[in-house]
Structure formats: structure tokens, C-alpha cells
Amino acid sequence: MTVQEVGRARRRKEDAKLLTGRTQWTDNLSRPGVLHVMFLRSPMAHARISRIDVSGARDLPGVVAAFSGQDFAGEQGSLPCAWPVTEDIVIPEHPPMAVSEVRYVGEAVACVVATDRYRAADALEAIEVDYEPLPAVVDMRQALADDGPKVHEAGNKAFSMKLTSGDVEAAFRDAPVVIDRTYVQQRLIPSAMEPRAVLVDTDGEAFTIWSATQIPHVLRVMLAVVTGIPEHKLRVIAPDVGGGFGSKLQVTAEEVLLLLLARRLGKPVKWLETRSEGNLTVHHGRDQIQHVRLAADADGRIRALRVDLLADMGAYLMLLTPGVPTLGAQMCNAIYKMDAYEFACTGVFTTKMPTDAYRGAGRPEATFVIERVMDELAAEIGVDPVEVRRRNWIRHDEFPFTTISGLTYDSGNYEAATERALSLFGYDKLRAEQNDRRDRGDPVQLGIGVSTYTEMCGLAPSRLLGAANFGAGGWEHASVRMLATGKVEVATGTTPHGQGHVTAWSQIVADALGVPFEDVAVLHGDTAIVPKGMDTYGSRSLAVGGVAVVRACEKVRDKARRLAAHLMECSPDDLEFEAGTFTVRGTESRRTIQELANAAFTAHDLPDGVEARLDSDATFDPENFSFPHGTHLCAVEVDTETGMVRIRSYVAVDDIGKVINPLIVDGQLHGGIAQGIAQALFEEAVYDADGNLLTTTMADYLLPSAADLPDFALDRTESPATSNPLGVKGVGEAGTIASTPAVVNAVVDALRPRGVRDIQMPCTPERVWRALAAQEREGGQG
Amino acid sequence: MIPAQFDYVRPGSVAEACRELASDEDAKALAGGQSLLPFLRLRLAYPSKLVDIGRLAELKGVHERGDHVHIGALATHDEVMRSPVVNAGCPLVALAVAQVADPAIRHRGTFGGSLAHADPAGDLPAVALALDAVFVAASEQGEREIPAAAFFVDYLESSLRQGEILAGVRIPKLGAGWGFHYEKFHRTAQAWAIVGVAAAVRRSNGSIAEARIGLTNMGPTPVRAHAAEAALRGAELGDQVRRACAEAAAGTAPPADLHAQPDYRRHLAEVLTGRAVRAAAGAG
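These protein sequences, in sequence, are chains A and B. Quick note on the numbering used here: the first sequence kicks off at 1 and runs consecutively. Quick note on the numbering used here: the second sequence kicks off at 1 and runs consecutively.
By construction, these hints were calculated from the structure, which means they are not laboratory data. In this text, a Cβ means the ideal position worked out from N, Cα and C, and glycines have one as well. Hints should not be assumed to be uniformly reliable.
[What the hints assert, rightly or not] What the simulated footprint calls covered on chain B by chain A, stretch by stretch (three residues with Cβ under 8 Å from a Cβ of chain A suffice, anywhere in the stretch; the number is not a length):
1. 184-196
2. 258-268
[Stated by the list, open to error] Below, a sample of chain A positions facing chain B; criterion: calculated Cβ distance under 8 Å:
3. Leu606
4. Pro704
5. Pro765
[As the list claims (entries may be wrong)] If you only want the chain B side, here are some residues facing chain A, beta carbon under 10 Å, derived:
6. Ile2
7. Pro38
8. Arg43
Based on the provided sequences and hints, a complete structural model is requested.
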């Protein structure tokens with residue numbers, strides 16, 4: 001009997017290579033005669049290009065070519081937006097290289113192709129551009145004013161959408177408790193360890209594109225659509241990719257332009273982003289103003305919730321830009337029952353880098369708004385914040401439960417996760433210490449924050465994506481092939497860029513086929529090797545792609561059973577399959593799956609209707625989203641003299657259904673929680689009034705490191721998903737979604753006795769100090 | 001990013017290095033490179049020539065010199081942090097240098113380089129100022145001594161002249177009865193100080209006999225908190241010290257940046273000076 005692999009804390013197969021630097025990042029790759037590309041980027045947020053002259057660059061040594069947007073105007077097309085969320089949406093033309101007008105600082109206006117990067121960088125300084133400045137549009141509210149400057153001729157409103165369920169007006173009328181708050185989701189810059197990079201080679205007819213992307217399959221389709229190069233002439237490879245967090249879920253200007261440059265020059269071309277260039281031009285995340293109103297009974301039971309978002313699109317709509325905030329429509333009601341609900345969202349153009357998916361994509365924003373306002377409700381009625389949640393959440397015996405926004409949550413147990421978290425956290429003891437510090441007037445106050453989140457992931461049922469006007473399906477594909485020698489190759493349509501699919505898929509296959517973990521190889525990220533796939537984002541890989549692997553294994557096993565029955569001259573029904581061996585029930589007669597793989601390879605004696613090779617493939621399309629949930633608790637110490645916030649302890653109890661590899665799950669949670677804490681306390685992309693990005697380096701855009709974070713105490717409860725045969729839900733974004741409100745709730749909780757009821761993120765020491773100073777001036781307590 | 005083109009020379013002696021620098025006003029000395037290389041890569045500096053002094057033995061090492069400690073300009077932060085001579089003779093330097101950046105930078109970055117860079121947000125300038133360090137500048141004409149108070153001229157500008165190299169720094173020993181603390185306030189472990197306070201305090205009979213306080217990032221240069229120093233003379237621990245430290249920001253002109261506005265920096269200087277003085281005085 002072999003040990004079951006699923007559920008084991010296997011060390012990742014990927015890590016030895018990653019840790020010893022034997023990786024194939026795009027920048028490690030080259031082609032003979034490769035030329036290096038660098039882009040000249042707009043220093044103006046908004047301007048007309050009145051003149052551009054690249055001839056000075058062309059004359060410099062080592063420079064092979066220099067182009068402006070005008071040189072590609074006829075062929076560069078428009079970068080795609082795959083999610084036109086509403087009928088009224090305005091999708092402006094988005095040339096990869098600006099032709100006549102720039103709309104954000106960092107937009108490419110020209111490029112140089114040279115024999116090395118140094119010469120290319122020098123040559124950029126020889127390009128002359130005359131800009132006629134146009135007014136920057138930086139503030140969303142001002143952008144929507146009637147007579148203000150416009151980003152695009154059609155105006156600054158990209159779209160507006162509204163979802164209403166129940167009688168919201170009635171629910172608010174005469175409600176004993178009404179909470180009305182406005183929160184700001186600051187703009188964030190995804191900061192993957194590996195910057196973006198693109199290499200394109202051509203044989204004069206077909207093209208191979210290596211890119212640090214999460215979506216080689218989607219990219220291939222989109223490059224064909226944008227450039228008109230036939231899809232079958234394009235091969236896209238995502239080699240080792242060092243993180244993405246959504247920032248590499250994009251069809252970028254640089255990918256399109258490198259492809260066009262390779263076609264124009266007939267030579268291989270390569271571009272590697274610098275970090276500052278990345279801060280300017282990797283699509284940004286979040287950036288919403290959230291107006292939330294909640295009506296409740298005196299005991300804290302929610303009557304209705306009303307959320308009205310302004311979402312900053314930036315200057316253009318990129319791949320999923322408008323879809324991200326609208327995911328909040330189904331998520332702001334979260335785990336709570338209510339009589340009525342309204343969600344409205346307006347997408348706004350500004351002269352800033354476009355926003356798009358960033359870890360959680362719409363769900364962290366939604367979770368923040370509801371979990372922050374639940375704390376305000378608790379404070380308003382004088383009830384413990386955990387208790388007010390308990391009074392409103394869906395009870396475990398009410399699943400499956402169709403929410404006010406129309407989703408059906410298949411499973412969950414909020415009571416169990418919360419009880420476990422409270423106990424691990426030592427909630428009562430910390431509350432006692434908090435009271436003690438308050439009584440003593442300790443300059444260091446203690447705050448406790450809770451977040452009982454859920455999210456929708458496992459993107460996604462194709463029919464629901466169609467209903468949401470999304471431009472693609474949500475299925476995933478896997479191919480499982482046993483080789484002649486009994487080893488196994490899995491080709492997965494998911495595209496891991498740090499997630500550990502090679503390890504997790506190996507565990508799944510090892511159990512499904514009864515083969516050793518070590519005997520499984522997983523191939524991914526190359527459209528020639530894995531022709532079908534929808535790639536990796538939205539915590540979908542396991543819940544959709546992992547299930548496709550299971551289905552493909554089942555087909556392989558069925559084929560093996562038919563072959564075994566044929567070879568052992570019995571009925572398939574007489575065979576038992578265990579630990580990789582088919583045994584004729586009640587006899588010593590058996591065949592291992594490796595023997596059968598070899599028999600299928602030689603094909604000397606196959607039954608009728610069974611084709612050579614023991615392999616199969618499968619495509620899985622989920623019937624529903626999956627809904628991880630959990631309870632996160634955070635204790636912070638706030639130094640009221642300096643405003644400094646330090647996290648003292650952090651507990652996360654997550655219910656992500658069945659677990660394939662607990663080590664990978666813990667890693668996802670550690671990184672996810674860190675990223676959510678980063679939004680709460682550290683990160684903020686800052687534009688000045690002229691639309692200049694001020695946070696172009698890591699000295700100004702603060703990323704926390706391990707030294708700035710506490711130990712995380714993790715535990716799990718398990719309510720298997722019923723929407724897929726693995727019972728899994730997904731864990732890639734849970735930590736980020738849950739942690740931000742837990743931390744901010746804790747900061748506000750520490751300061752609430754002094755009259756503070758919100759600190760805008762990130763809760764910097766200066767903001768905390770100013771909030772306290774403002775309360776003191778207003779004669780608040782303390 | 002990618003630096004613009006420059007020439008590179010690696011002279012074999014300090015004299016030769018000084019000659020290289022004297023003959024070209026756009027030449028820059030390269031030591032550990034932890035400040036200069038980012039400037040080059042961001043194209044904030046376009047030196048014609050880098051004069052690599054990183055291997056000059058004359059500039060290396062930490063030396064016990066009786067009434068002072070001589071720290072060679074090329075001693076790395078890590079070397080200084082671990083030096084028994086520094087820990088015994090000028091512990092404030094050891095305390096502060098341990099808080100410079102992160103271990104990787106401390107292994108490459110040099111003590112002299114970070115002082116010659118004259119960044120008021122750096123941790124060491126305020127320490128050198130508080131301790132009345134003496135800077136030794138080498139040139140073709142020989143050596144010249146510059147008191148700390150005259151070394152820092154403006155933002156990223158020292159009183160080193162063209163053709164001069166910072167050879168080392170003499171840190172006077174303060175003797176018995178002194179306590180030390182460096183209080184660094186920053187948002188992440190690797191970030192520069194929003195404000196830092198270097199404090200050396202001599203106690204006598206339960207009150208403060210003498211205090212020297214250097215402030216990090218409270219102006220275009222590191223500054224001494226003279227008003228607080230004066231007010232602390234004779235102050236008893238407790239309310240008197242608190243009142244004295246409330247004068248820490250007097251006369252300063254702190255910068256405004258993404259991390260803090262001037263009024264917040266002044267407030268921090270007062271709070272942190274109180275903490276630094278109490279810690280240096282052994283009062284926690």
C-alpha cells in the first residue's frame with residue numbers, strides 16, 4: 001500500500017532549481033544576433049505630441065533602428081479589453097505606442113533597437129519630442145465634473161453599472177441604525193520579483209514569443225487578434241516566471257511592439273523592464289473610492305447594504321480593467337444575510353497608468369468595505385465585532401445558500417473557523433489587556449481587528465462568464481500521458497509562476513494512477529507543448545485545472561482497465577485497482593499500470609477500439625465558483641506618541657476545502673497575508689497634481705520584508721467544495737483578501753476611544769499621528 | 001536602469017587616486033558603490049570617470065589610537081559594527097552602524113563612503129556630528145583635518161575639495177560615565193530614517209551633566225540639537241528631561257517628502273530625542 005500523496009506536505013519539486021539559480025527567466029534566454037529594445041516614455045501625464053524626431057538616435061553607434069508611434073500607426077492595432085462590462089462602456093483606442101497624444105506618464109512614445117542595452121539607453125536621450133501640454137486628470141471626482149478636462153473625447157466616464165436586489169429604500173426607511181462611510185482603496189503597484197521581459201524570434205514567417213506572462217494561451221489569441229498575424233504562426237512560451245499577482249495577466253504594449261519589431265526587422269529582439277519603468281508601466285491595482293451605507297436593526301441585524309464605487313480605470317481599459325471593480329457586485333454582501341442590497345460602480349478615466357487585476361482583483365476591495373463597516377456597526381450598537389458578525393452570517397446548516405447578490409455558496413462553516421481563530425488568538429485575554437492599557441492611559445495602545453471573509457474563486461463557469469460579457473471561457477485543460485517506460489507526463493493548461501503546480505499536480509497524479517510522485521513530470525506554459533489552456537489567475541488553477549488533471553487521469557485509468565481486462569482475459573468489472581496495480585478479483589493475476597503503459601506503447605495486442613499509448617486528456621468547466629472563507633484576527637500595538645503601528649500577533653484560520661499540499665497552502669497564505677498587510681500599512685502609489693508618479697523607486701514605494709512582519713499562526717477548518725470532485729476551493733488570494741481589513745480594523749480599534757473611526761490606507765505613522773492630533777484639537781478624549 | 005558611459009580607473013595609491021580626481025572635475029571616487037551606483041543607474045549622475053579606490057590598503061581598517069579610534073574610510077559597515085575597538089572606544093558608532101540598511105549593504109558599503117556622500121538621511125552623519133568626529137581628507141598636498149561641524153555643507157555636499165579623498169575618520173573617545181543610544185524611526189527595516197537621533201549622555205548624581213545630540217534627516221545636513229543639549233545640562237530624569245527634549249527640533253528645517261511633512265518630523269524629533277536620551281542615560 002502506498003502512502004496517499006494528496007494531503008502530504010511535500011517539498012516543492014520547483015525549489016531546488018529556483019534556489020540554486022538554475023532558472024530560465026526570460027532575461028536568461030537569448031537568440032543568436034538578438035537586438036535590444038528600449039522605450040522612450042512620456043514624461044507628461046497628458047499632452048499632444050506635436051513633433052517627434054528619432055533621427056538623432058538612428059545615427060548613433062550600435063543603433064539598428066529607432067521608431068516613433070507614427071511608424072507603427074498602421075499596424076499596431078489597439079490593446080485589447082476583454083471585459084466590456086456594460087452596454088454603455090466606452091473603450092478608447094489604445095495604441096501600444098502613442099501616436100498623437102499621451103495620457104499617462106510612462107506611456108511609450110518611441111523605441112530604439114540597438115546591439116546592446118547600453119547603446120539603446122544612450123540613444124533614447126537623442127530622441128526629440130515636443131509636447132503640447134494638456135490638463136492632467138488626477139482626481140476621480142473632479143474627472144466626473146461636467147466642465148472639467150477630458151482624458152478622452154467621449155468623456156471621463158468609462159461605464160456605470162448597478163445591481164439591486166430587494167427593496168433597498170424600504171429597508172433604509174426608519175432603520176434604527178444607519179452607518180454611512182467613505183473609504184479609499186489606494187492605488188497599488190504590483191511588485192513581482194521578476195520584472196517583465198519579452199524575447200521574440202522569427203524565421204521570417206512564424207514567431208516565437210517568450211514572455212514573463214501568466215497567460216501564454218490568452219496572449220497568443222490576443223496577439224493574433226491585435227496584430228493580424230495568424231494565430232497558427234504564433235507560439236508563446238512563458239518560461240520560468242517570477243511572480244505575477246495579476247500584473248502579468250495582461251496583453252502589454254511591449255509584447256505587441258516586440259512582435260511587430262521582430263516582424264519589421266526580421267531579427268530576434270529582446271526587452272527587459274527596469275524596476276522604475278515597471279513602477280510606471282506595470283498595470284496598477286485597486287484605486288477606488290467606496291461609499292457604503294448600511295441599515296440595521298437595533299440589535300445589529302443587517303437590513304440592507306448599499307455600496308457605491310468610483311473605480312479609477314487610469315487612461316485606458318486594458319485586458320480586465322473594467323471587470324475588476326465590478327466583481328464587487330457579488331462580493332460586498334460577503335457572508336451576511338440581509339433583506340436588500342444595492343451595488344453601483346462607475347469606472348472613471350484619469351491620466352494615470354491603467355489599473356487591472358492585482359491579487360484578489362475586486363474581492364479585497366469588496367471585503368474591505370463590508371468588514372470595515374461591520375466594525376462600525378459593532379461600535380455603533382456597542383456590541384463586540386465578532387458578535388455582530390455572528391448575528392448576521394449564514395449558519396453552517398443553511399448551506400447551500402443563495403445570497404442577496406445571487407451567488408449560491410455551496411459550503412462553509414463560519415462558526416467553526418471563527419471559534420478556532422478566537423481560541424488560537426487568545427481573544428479574551430487580549431481584550432483584557434486592551435482594557436488594561438486603556439485604563440492606564442498607556443502610550444502604546446492595543447487594537448484587535450477581525451475579518452470574516454469569503455471570496456469567489458475557481459474562475460470560472462463559462463456560462464456565467466458569458467452572462468457577465470467576459471470575452472472568454474473559464475474551462476481548463478489537462479493531458480496525461482504514460483510513457484513507454486511507465487513514467488508520466490502531464491501537460492497542464494495552467495501557467496504556474498510560483499504556485500507550485502508541478503508539485504501539486506504530481507501528488508494528484510500519483511494518487512490517481514498509483515505511480516510514484518517522483519515519476520511524474522508536469523509541462524506547462526508553452527502553447528506548442530500545451531495547445532489548450534486558460535492559464536493562471538483568480539485562484540483557479542487547482543479548482544479548475546487540477547480537476548482537469550483528475551478527469552484526464554480517470555480516463556487513463558479507464559483505458560488501462562480495458563487493456564488489463566483484455567490481456568488477463570477477464571471482464572473490466574472483475575478488476576480491482578489499487579496502488580497502481582489491476583488485480584483480477586480473487587486471483588493472483590495482475591498487471592501494473594507501468595506494464596500496461598508499455599503494452600499500450602508496443603501495441604502488439606490491443607483490444608478492439610483501444611488506440612495505442614496510454615494517455616488521455618480532459619477539459620473541465622466548473623458548474624459554480626468556489627467560496628473559500630475564514631476568520632483572520634490581528635492584534636496591533638499603536639504608539640500614540642509617534643503613530644507607529646506594529647503587528648503583535650496574527651491568526652488566520654482558513655477553510656479552503658480539501659488540501660493537496662499543506663506546505664504550499666501555508667506559503668500562499670504567508671505571502672498573501674503579507675501582501676494584504678502591505679496594503680494596510682505600507683504601500684501606496686502616489687501621483688502629484690500634475691499626474692507625475694512620485695513612487696518610482698523602492699525607496700519611495702515601500703514594500704515590507706520578512707523583518708517587518710510578525711509570525712503568522714495558521715490553522716484550517718475544512719468544508720469541502722461540492723462544485724468539484726477534489727473538494728478544493730483555491731488559496732492564491734485568500735490571505736490578501738482577508739488581511740487588509742483585519743489590520744485596519746485593529747488600528748482603528750486601538751484608537752476608537754480617542755474618537756478615531758477611520759485611518760486612510762496605508763495607515764502610516766504620520767496619518768495615525770495626524771488623526772490623533774485632529775481628535776485632540778476637536779476636544780476628543782485622551 | 002542603465003548608466004551612461006564612463007571611464008574607469010583603479011589607481012594603486014591614494015596619491016595617484018587624488019591626482020586622477022584633481023585632474024577631472026567630473027570624476028567621482030568609487031568605494032563600496034552603495035550610493036553612487038544607484039545614482040548612476042537612475043542617470044541622476046553622469047560622471048566622466050570612476051576612480052575606484054576600493055582596494056587601497058591605506059584606507060582600510062579600524063585602528064585604536066589612544067584618545068580616539070581611527071576608522072579607515074574603506075572599513076565596511078559590517079566590519080565597523082563587529083570591531084572590538086569600535087565597540088569599546090565609541091559604542092555609539094557600533095549601535096548606529098548596525099542599523100544601516102540591511103546586511104547585504106553593510107557588507108559592501110563603506111563607513112567613509114556613506115559620510116562623504118553627506119546624505120542627511122544617512123545614519124552615520126548625525127553620529128559623527130554628535131561625537132565631534134574629525135574627518136581626515138587626503139590630497140596630493142597631503143592630509144587635512146576637517147571637524148565634523150565643518151564637514152557637512154549642504155544636501156549631498158561635503159567640504160571635501162576637488163582632488164580630495166576622505167581617508168578616514170577620527171572618533172574621540174568620550175571616556176567613562178557616558179551612555180549612548182541611536183534611535184532610528186523608519187517604516188520598514190530597509191528604509192531610510194524618517195528621523196533619527198544619536199545621543200551621547202553623561203550622567204552625574206542622577207541628573208544629566210552633558211548631552212550631545214545629533215539629528216538625522218532634520219535638514220539639508222545632519223544637525224546638532226543645541227537647544228536641547230543646553231536645556232539638558234543639569235536636568236533630572238523625568239519631567240525636566242522631557243521638557244528639555246521638547247526643544248530638540250528648535251532651529252531645524254526638516255524636509256517634506258512622501259514619508260513625512262516637516263511638522264511631523266519636528267514632533268518626532270522631540271519624542272525620539274526624549275527616548276534616545278533616556279535610553280542613553282540608562283533609564284529605558
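Fill in: Hints violated by the structure (numbers, ascending)
Hint 3 contradicted; others consistent.
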